[in-house]
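**Student:** Sequence:
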Amino acid sequence: MEMGGGGTGILEGGSESDDVENSKGSIELTEEEQQEEVKETIDAYIDTSELNDSVTTSIEERGLVLSFNDALFFYSCNVEIKENQQNKFVDIGKLLNQPALKNSFIRVEGYTDSVPVSNPKYKSNWDLSVLRASNVAQIIIKDSGLNPTRISVVG
1 MEMGGGGTGI
11 LEGGSESDDV
21 ENSKGSIELT
31 EEEQQEEVKE
41 TIDAYIDTSE
51 LNDSVTTSIE
61 ERGLVLSFND
71 ALFFYSCNVE
81 IKENQQNKFV
91 DIGKLLNQPA
101 LKNSFIRVEG
111 YTDSVPVSNP
121 KYKSNWDLSV
131 LRASNVAQII
141 IKDSGLNPTR
151 ISVVG
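Going by our numbering, the sequence shown opens with residue 1, and the numbers climb by one from there.
A few of these clues could be false.
[Claimed, not checked] Label-pair ranges, simulated between beta-carbon atoms: (1) THR30 to ASP143: 16 to 22 Å; (2) THR48 to VAL154: 49 to 55 Å; (3) SER118 to SER58: 31 to 37 Å; (4) TYR75 to ALA100: 17 to 23 Å.
[Stated by the list, open to error] Once the Cα atoms are required to be at most 27 Å apart in a straight line, the calculated DSS-like pairs of lysine-lysine come out as: (5) LYS39 to LYS94; (6) LYS39 to LYS102; (7) LYS121 to LYS39; (8) LYS88 to LYS102; (9) LYS82 to LYS94; (10) LYS94 to LYS123; (11) LYS142 to LYS94; (12) LYS39 to LYS82; (13) LYS121 to LYS94; (14) LYS142 to LYS88; (15) LYS82 to LYS121; (16) LYS88 to LYS39; (17) LYS82 to LYS142; (18) LYS121 to LYS102.
For the record, the hints were derived by calculation from the structure and aren't laboratory data.
Glycine included, every Cβ here is placed at the ideal spot set by N, Cα and C.
Using the sequences provided together with the hints, build the complete structure.
**Tutor:** Here it is as structure tokens:
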């Protein structure tokens with residue numbers, strides 16, 4: 001889940017084969033088609049939640065990418081998610097918890113401030129980035145029902 005200019009929520013895994021029939025005779029979607037369906041669902045949520053200026057989605061070679069405007073979710077030089085915004089991460093986490101994506105992985109990449117950080121609490125902007133990503137991952141695991149083995153954190 002990308003925050004500001006830095007971090008990214010990326011769905012990886014699954015297969016990249018063409019549509020195939022499963023044992024029940026129904027067509028299974030390719031990984032790209034599954035990601036496109038989830039992207040459309042998340043885009044609809046973004047529209048109805050008035051997050052158009054704060055969250056964007058795209059499908060890239062590395063997977064489905066969600067980018068978040070850091071100012072909406074974090075105060076400058078702080079790692080705590082704004083309390084009134086936590087539910088947005090939870091809702092999006094629930095959308096990522098669809099059966100079609102059960103074999104996909106989510107990588108939460110942190111974002112840091114444009115303001116240089118160096119204080120007793122955060123030694124660097126990298127510390128800030130890692131802790132923000134960790135906090136996002138923890139809230140979506142705890143409140144969205146995502147399997148923690150599907151999630152990794154990068155600062």
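**Student:** For every hint, state whether the structure bears it out.
**Tutor:** Right, here's what the structure says about each hint:
no.: 1; hint: THR30 to ASP143: 16 to 22 Å; result: violated (30 Å)
no.: 2; hint: THR48 to VAL154: 49 to 55 Å; result: violated (30 Å)
no.: 3; hint: SER118 to SER58: 31 to 37 Å; result: holds (33 Å)
no.: 4; hint: TYR75 to ALA100: 17 to 23 Å; result: violated (35 Å)
no.: 5; hint: LYS39 to LYS94; result: holds (13 Å)
no.: 6; hint: LYS39 to LYS102; result: holds (15 Å)
no.: 7; hint: LYS121 to LYS39; result: violated (36 Å)
no.: 8; hint: LYS88 to LYS102; result: holds (21 Å)
no.: 9; hint: LYS82 to LYS94; result: holds (19 Å)
no.: 10; hint: LYS94 to LYS123; result: violated (33 Å)
no.: 11; hint: LYS142 to LYS94; result: holds (11 Å)
no.: 12; hint: LYS39 to LYS82; result: holds (24 Å)
no.: 13; hint: LYS121 to LYS94; result: violated (32 Å)
no.: 14; hint: LYS142 to LYS88; result: holds (14 Å)
no.: 15; hint: LYS82 to LYS121; result: holds (18 Å)
no.: 16; hint: LYS88 to LYS39; result: holds (15 Å)
no.: 17; hint: LYS82 to LYS142; result: holds (16 Å)
no.: 18; hint: LYS121 to LYS102; result: violated (37 Å)
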